[in-house]
Amino acid sequence: MSSVAHVPSVPRLDHHGRVTQARVGRSEWTKLRSVRSTRYSLAAAVLFTIGLAALACAVVAHHYPNMSPRDQADFHPLEVTLVGVQLAQLAIGILGILVITGEYSTGMIRASMTAVPRRLPVLWGKALVYGLVTAALMIPAVLVAFFVGQAILSRHNIDAAFTDPGVARAVFGAALYLTVVGLFGLGLGAIVRNTAGGIATFVAIMFVLPPLMNVLPTSWNDAASPYLPLAAGEAIMAVTSGNHLSPWVGLLLFFGYAAATLVVAAVLLVRRDT
Amino acid sequence: MIEAQNLTKDYGDKRAVDGLTFQVKPGMVTGFLGPNGSGKSTTMRLILGLDRPSAGTVTVNGKLYRDHQAPLHEVGALLEARSVHTGRSAYNHLLALAQTHGIPKRRIGELIELVGLQDVAKKRAGTFSLGMSQRLGIATALLGDPHTLTLDEPVNGLDPEGIHWIRNLLKGLAAEGRTVFVSSHLMSEMALTADHLIVIGRGRLIADLSVDEFVRKASKNIVRVRSPQAAELRDLVVGPDVSVETVEPGVLEVDGLSAEQIGDAAAEHGFAIHELTLQQASLEQAFMDLTREDVEFRTGEATSERDEVVA
Numbered sequence: 001m002s003s004v005a006h007v008p009s010v011p012r013l014d015h016h017g018r019v020t021q022a023r024v025g026r027s028e029w030t031k032l033r034s035v036r037s038t039r040y041s042l043a044a045a046v047l048f049t050i051g052l053a054a055l056a057c058a059v060v061a062h063h064y065p066n067m068s069p070r071d072q073a074d075f076h077p078l079e080v081t082l083v084g085v086q087l088a089q090l091a092i093g094i095l096g097i098l099v100i101t102g103e104y105s106t107g108m109i110r111a112s113m114t115a116v117p118r119r120l121p122v123l124w125g126k127a128l129v130y131g132l133v134t135a136a137l138m139i140p141a142v143l144v145a146f147f148v149g150q151a152i153l154s155r156h157n158i159d160a161a162f163t164d165p166g167v168a169r170a171v172f173g174a175a176l177y178l179t180v181v182g183l184f185g186l187g188l189g190a191i192v193r194n195t196a197g198g199i200a201t202f203v204a205i206m207f208v209l210p211p212l213m214n215v216l217p218t219s220w221n222d223a224a225s226p227y228l229p230l231a232a233g234e235a236i237m238a239v240t241s242g243n244h245l246s247p248w249v250g251l252l253l254f255f256g257y258a259a260a261t262l263v264v265a266a267v268l269l270v271r272r273d274t
Numbered sequence: 275m276i277e278a279q280n281l282t283k284d285y286g287d288k289r290a291v292d293g294l295t296f297q298v299k300p301g302m303v304t305g306f307l308g309p310n311g312s313g314k315s316t317t318m319r320l321i322l323g324l325d326r327p328s329a330g331t332v333t334v335n336g337k338l339y340r341d342h343q344a345p346l347h348e349v350g351a352l353l354e355a356r357s358v359h360t361g362r363s364a365y366n367h368l369l370a371l372a373q374t375h376g377i378p379k380r381r382i383g384e385l386i387e388l389v390g391l392q393d394v395a396k397k398r399a400g401t402f403s404l405g406m407s408q409r410l411g412i413a414t415a416l417l418g419d420p421h422t423l424t425l426d427e428p429v430n431g432l433d434p435e436g437i438h439w440i441r442n443l444l445k446g447l448a449a450e451g452r453t454v455f456v457s458s459h460l461m462s463e464m465a466l467t468a469d470h471l472i473v474i475g476r477g478r479l480i481a482d483l484s485v486d487e488f489v490r491k492a493s494k495n496i497v498r499v500r501s502p503q504a505a506e507l508r509d510l511v512v513g514p515d516v517s518v519e520t521v522e523p524g525v526l527e528v529d530g531l532s533a534e535q536i537g538d539a540a541a542e543h544g545f546a547i548h549e550l551t552l553q554q555a556s557l558e559q560a561f562m563d564l565t566r567e568d569v570e571f572r573t574g575e576a577t578s579e580r581d582e583v584v585a
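Listed in order, the protein sequences are those of chains A and B. Read in order, the letters of the first sequence correspond to residues 1 to 274 in the numbering used here. Read in order, the letters of the second sequence correspond to residues 275 to 585 in the numbering used here.
What the hints contain is simulated information worked out from the structure, not anything from laboratory work. Accuracy of the hints is not assured; some may be wrong.
Unchecked claim - Result set (EDC-like, lysine to aspartate or glutamate): computed pairs, CA atoms no more than 20 Å apart in a straight line: (1) B/K445 to B/D486; (2) B/K379 to A/D14; (3) B/K288 to A/D273.
Unchecked claim - To list a few chain A residues with every Cβ distance to chain B over 10 Å, as calculated: (4) G17; (5) L87; (6) F162.
All values reported here derive from a predicted model rather than from experimental measurement. Quick reminder that beta carbons are idealized off the backbone N, C-alpha and C, glycines included.
Input sequences plus hints: build the corresponding full structure.
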């Protein structure tokens, strides 16, 4: 560090600008791209989406001739190209939590809130920027996963075409689903304000709650389960009929959960002390 | 200008700030002094809208902090604890905050140079020493070239050179007509930096006065006299308003007369004087006297306090 012994004089600033949502959005983009956890989590999400799809397709393609006719009938070429999404959603959800809880754990939130004392533009900025970044990254990732996977499957003529009914919807839907997972994580993180607590809440709602539903009487379980966040969201990727909502209704409901979480977070953000 | 009006903050049952009313005026450095846990940081957080008052108000430049359209141009804040994402570089930290107000990038370079962080600006802030973090905090506070600065314990963790640098910086900012509000738990530091003092203890206002006034009140005007004829001198000066104590053979401490009066009296009678000094009570001592009643967590008091709560 250089030493400054003389009387320091602060250079004047001729600029005078007010806080706007667009400026806060730009600031949030800087925040998002300038920490390592973003790069690691997003790289993991892309890698899982493409790598697992390729791996699963290669394994299935290899075993297909030896599979029982029943297993062959159960097999769907689209499902196997979207298996990576299952892991990618963990990376995307957890990064969504970190985007806000990282500010609380380091104290950055105080600097953020003194710069933007109305507070809400920070939350909206984070949601917008993180949503756009996730979508921009995951749309190409799921497309690559699909075409790489189908190229591998096509050697056994068991591939699906992008133009087959429901396929394009499911592939793009997978990217949209991941985007909503990210927003859901962000909302939960903003409510809980603590990384460990945020991750625990996220995992509990997404992955622990669904199997717990089995303790309910079957008719209740069947009636309620499709409306849980995970099941509702995954309906957009469904290619076979089953106990799930119609694809767009399901995704919309999942988006509704994420939006509701963000609204609760917004109310708390304005009310609570920082 | 910062104006607090009956400012009060409760955390659960505990009253952290209790009916504070004060003004922090532009053009001078105002020291905000109090023992640890006296409510200084809470008051700072209330000023910046981070916490909401339970009662009363505090405004900065005539408005509630959160009503400012461009708060970084109004108030620059150095917050108590580190308020930087540890994984982000100093440069990107400043950039992200600057962007909320559309402050141009060149400003960031200017400030990094001003606080002397140019060699580490691209390093992650988590690797910074406390002194470097404080310098980054100062750069953050100055980002918007604000009219008012609120700095919570800015000299914490700085080396003597850094402390000297901050002192000059604050005086310079005040000389430019800005409002400078600096908290500290060290009276000696404030005596060198501040023009005015606001002293609190247990969330309550104890004193609101100029540093000169504080120093005048603090000094008890005891004069230390060393003389071979100490005993004779003692008999000469002692009187109804003058008390004299023999601290060691040949050394007196006189309370009630100025050094000049004692020296003149001694000269008149031909007494030799080997030492004649005004003993000012240390400012730290005066500060402790002032806040003694209000120090929290004083040993031996915890039990009685708990009893009070139960009763």
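Hints, verified against the model:
Proposed proximity of B/K445 and B/D486 is supported: the alpha carbons are some 16 Å apart, at most 20 Å. The suggested pairing of B/K379 with A/D14 holds, with an alpha-carbon distance near 13 Å, which does not exceed 20 Å. Our distance criterion of 20 Å between C-alpha atoms is met by B/K288 and A/D273, whose separation comes to about 15 Å. For A/G17, the requirement that its beta carbon stay farther than 10 Å from each beta carbon of chain B is not met, with the minimum near 4 Å.
Chain B leaves A/L87 outside its interface by the beta-carbon criterion, the shortest separation being 24 Å against a cut-off of 10 Å. Remark: the non-interface label on A/F162 is consistent with the geometry, its nearest Cβ contact in chain B lying 39 Å away (cut-off 10 Å).
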